[in-house]
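Novice: Residues per chain are reported as follows:
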Amino acid sequence: MGLEQKLGNMGVVTARLEDLVNWSRTNAMWPMLFGLACCAIEMMSAQAANYDMSRFGMELMRPSPRQSDLMIVAGRVSRKMAPVLRRLYDQMPDPKWVIAMGDCASCGGVFNNYAVVQGVDEVVPVDVYVAGCPPRPEALIHGVITLHEKVRREKMKDWA
Amino acid sequence: MSENNSVVTENLVKQFGGQATEFAGEISVMIAVEKFADAARAIHDEFKFDLMSSMTAVDYWPEENPRFHLVYRFTSIANRQSLNVRVPIAAYAPTAPTLETIYHNANWQEREVFDMFGIQFLGHSDMRRILMPHDWEGHPLRKDYPLGYEEPQFSFNFDEIDVRKPYAKNRRGE
Amino acid sequence: MAQIEEVTLDGMTHLVSDRALQGETMLLNMGPQHPSTHGVLRLLLELDGETVLAAIPDIGFLHTGVEKNMEAKTYQKAEVMTDRLDYMNTVGNNLAYCLAVEKLIGLDVPLRAQALRVILAELKRISSHMVWLGTSALDLAAMSDFMYCFREREMILDILELVSGQRMMTTYIRPGGVWRDVPVEFEAAVRNLLKILPNRIDQYESLLTKNPLFIDRTVGIGKISAEDAVNWGLTGATLRGSGVNYDLRKFAPYSGYEQYDFEVPVRIEGDVRARYLVRIAEMRQSIRIIQQALDKLPMGPVRSNNYKFVPPPRSEIGNSMEALIHHFKYWTEGFNAPKGSVYSAVESPRGELGVYLESDGGPKPFRVHFRTPSFDNLQVLPVLAKGFLVADLVAIIGSVDIVLGDIDR
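Chain order of the listed sequences is A, B and C.
Position 63 of the first sequence, counting from 1, maps to 500 under our numbering, and the rest follow consecutively.
Position 136 of the second sequence, counting from 1, maps to 1139 under our numbering, and the rest follow consecutively.
Position 370 of the third sequence, counting from 1, maps to 393 under our numbering, and the rest follow consecutively.
Next comes chain A alone, as it looks inside the complex (with noise of 0.2 Å):
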């Protein structure tokens, strides 16, 4: 406290490295191109201009895994695609997050069947599940808040 008043004078603000550091975390979290079906073009639309995703640091979704943060699962992933999935999801560097958008992502939706995975979080851990068929442009905001406010809560001996 006392270290503040002194310094703020000159210029200088104090936190804990934790804070900053999950906060340019969410700042500027890039998404990596994983639309497989229908919620892939509401992740477009999220993206397009009546629901900018850019306020949040998102416009720019990388497509190679190598340089992005976070994977937005969006459509049914079926058997043929699961291990492609889990591959891409190990190329990906830390600290890395993943968001099962839509039903058939979460649960395996309205296919229950031989050839759809039921629910992406047996092939990639999963942080925030979004819900819907396809899950609104807001909502997949909502959800991406909400990790957000998930990675604002870490703690430095969970860290990467």
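Honestly, I wouldn't trust all of these hints.
What follows is a set of in silico ranges between Cβ atoms, one per label pair, in the way DEER data are often shown [unchecked claim]:
| id | chain 1 | residue 1 | chain 2 | residue 2 | range |
| --- | --- | --- | --- | --- | --- |
| 1 | B | R1167 | A | D527 | 37 to 45 Å |
| 2 | B | N1082 | C | S229 | 38 to 46 Å |
| 3 | B | K1017 | A | P500 | 58 to 66 Å |
For the record, the hints were derived by calculation from the structure and aren't laboratory data.
All figures in this text were calculated on a predicted structure; none of them were measured in a lab.
Beta carbons are placed, not taken as given, at the ideal position from N, Cα and C, and that holds for glycine.
For this one, chain A is given, so just place chains B and C on it according to the hints.
Specialist: Same frame as chain A, now just chains B and C:
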């Protein structure tokens, strides 16, 4: 349209045998599998049906003979007609001649029928699976193949199913 | 070389040439996750420098098993799955399935419902072409068109939400008619949209049609002749760009299309630019159709009153015993369809979308097969792309307008 169609179906039945049935205003011709290659050649060249609109198969298990029916639909754009053809296939010999040289889009359609039903097409250039992974066993759309239904988790059986469900771990094993 | 075989070729060794296996030409995997393949499509490219010698598609990464799953549900409950096939044209999928069911059971559809079906199908066609334009232009690095197209698409989705409560997967069209009557704000909203749309389409065109960069990238690329196109089973704008006038709305009209006056745009060059111009012209013709349908919209019921196949209105359930019994049997057992098989097709933005429906006399479909346009349209890609550069391949995939949900079902 159905008057022209009946002329075509009569000619087909005369040349290649088989029967014609009618349902909901449309006529289907059933042709035996041995005569089907020649019939398809005639349909394309003589009767000028230049577009193969659709090709699929139906499984009638547990009937053994015939177990499958191949269903084709041909369209003639210039004459504004369509033709339905059914080919019965027995369970002990699930093979049929390929139409790949006559209608090029039969290439993938026949691969899909092979993948889903197990019917081999003789003379096809590339007979392998198209929709399922290449090392999948079984033919999903047959009636003796299970749906793969997984029991949904309600509140009363949540914990039992949770134990059996394979959750993923990330690289560090958490 | 043995290592490359195990990892990438996956049983496709017989399709690549010997030069590739010896290492003279390069094998490149344009994998399932790629920004320009419009979905999860895997292409195995054989390249000599930048020139494409062979482009082998590998599909099935979005296979959902819809056809088998629909065999386990009754007719009205299975309709929910049809929305999710070609997710750009959800209204058209519902329409194709409902036309097949109505043909099978011999159900009539009132005139108001037919006109509403036409209006919504054409609105969805415009919205699908907008997404096509936005994403193809994005692949060719014209990013502003992407933002403009999605802005108008939001207006169309607002109208769909007004009518059915859902933006994309509406399931509004049901066997016998439509789900319920449109609210009073519908007509004003559609007329407002029709007033501003022609101007906006001019705006999209002004960026691309006469642009010398766009012309350089699209003229003469991916040509196919008319007889080859028909032999390969192409339908839709891909076929009409090569000079064949085959549109199911004129070939075998359904749902009252014969009373509307519109043209089918056809061009003869057969290249990427021809297909682009055909689709832009189709958007304008759709506006004409919606205008006529809205002007002629008749009054009347919106669903058939044959209560054996259509649920009775809730208001009657309290008063009439038959209505209660029909309601109970409809939702628990479903209705029994007569034994037989039908095929009915509609014109989706991508081509001929056909439904083959066979029944064995029970309440569940015995076999449902969807003849999807993108399946046949994608088959011709190796023929179209041979000899062009990799950058042209991206333009060609954009012009064929595939949707992977359509292909893999």
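Novice: If a hint holds in the structure, say so; if it doesn't, say that too.
Specialist: Structure-based check of each hint:
no., hint, in the structure
1, B:R1167 - A:D527: 37 to 45 Å, "25 Å, violated"
2, B:N1082 - C:S229: 38 to 46 Å, "42 Å, holds"
3, B:K1017 - A:P500: 58 to 66 Å, "59 Å, holds"
Hint compliance for this structure: hint 1 alone is broken.
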